[in-house]
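Participant: Sequence:
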Amino acid sequence: MNWDVAHRVAGIAANQAHRDLAVDREGYVHVFAALRAAGLIGMAQPMPRLFGLYMDENDGGPAVLLNAGLDVITQRHTAAHELGHHLLGHRSAADDNLDHSARWGDRSWPEHEKVAEAFAAWFLMPRPAVLQAVEQVTRGGGLRRPEHAYLVARVLGTSYAGTVRQLSRLGLLTRDQGNQWLGIAPAALKGSLCGGRPVPGGSHVHAINLPSDGRRFYVDTGDLLVLEVPGARFGESAPELVAWGASWSAGEGDAAPYSPQQILQVTEDLDISTAVSVSVPGNDDPLGLTLVRQSPRTGSDDVWQA
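Numbering (the numbering used here), first residue to last: 482 to 787.
Calculated from the structure, these hints are not laboratory results.
The structure presented is a predicted model; accordingly, all values stated were derived computationally and were not measured.
C-beta atoms are modelled at their ideal positions from N, C-alpha and C, and glycine is treated no differently.
Take the hints with a grain of salt, since some may be wrong.
Using C-beta positions, here's what the derived DEER-type ranges look like [what the hints assert, rightly or not]:
(1) 529 <-> 767: 39 to 49 Å
(2) 766 <-> 485: 44 to 54 Å
(3) 750 <-> 692: 24 to 34 Å
Put together the whole structure using the sequences plus the hints.
Facilitator: Take a look at the structure:
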């Protein structure tokens, strides 16, 4: 089975799963809630040598075990991959290396792993959700910069590389564009979005602009909120947010592709969610958005956020 066939099979299966599990195909996919809806027991614990494990009924399942030491983006992908094993009728499977090309080589993946990996992409990034994310990020201008792909990944809760591949697969990037953008480190894109300043490795960057009004942003401790609207300011912030770096305004001669007006950082005080307002010159009403914490899962799924 080649990758094209694997993606065709997985795309159909993911579409069916969205329907059966009542997943919103136009927004952020709540994969941990989907595990429960599919009848899977979910658990997470530190596992130095294992990323994830699917156990079928013959091994005491159906259940999914995730590595609690992973960041939430990697956990989400692993959860979707293991869900694919379950819904596609696979036997128990262990994932001890997320870099499958290093484990099996580019062309020697076992068929069940190919399809489960493709399923994860289509489950977390269905076409309607991707198109809506692209519209939000680019404001209808199309994907012109790799930073756009990075921000689309933030909307979807997916990795930068996985998002670039899916954008190419959906015909939203050319193959050459995709290959070129895959060669750019996310750290460089995060720095660019913050006006050229280095960003801590574990922090993600979320751009706030006019289309952000009414939106939910899925964030974790250390993430940065970058305000892009000229002249705009964040409202009175709760203890969940603190100023990060200096505030500055874009100048006409500024050579940086992004010149943020203000940057806030999410702190440990963010428990579940909080509301944030942004005042915009010329607007009677402020923009309103909601931050929802998405941190790595630990323990049993009965204490997990959906």
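Participant: Each hint should be assessed against the structure and marked as holding or not.
Facilitator: Status of each hint after checking the structure:
A hinted range of 39 to 49 Å holds for the C-beta pair residue 529 and residue 767, which are about 46 Å apart. A hinted range of 44 to 54 Å for the beta carbons of residue 766 and residue 485 is consistent with their spacing of about 48 Å. The hinted window of 24 to 34 Å between residue 750 and residue 692 holds, with their beta carbons roughly 27 Å apart.
Violated hints for the displayed structure: none, as all numbered hints are satisfied.
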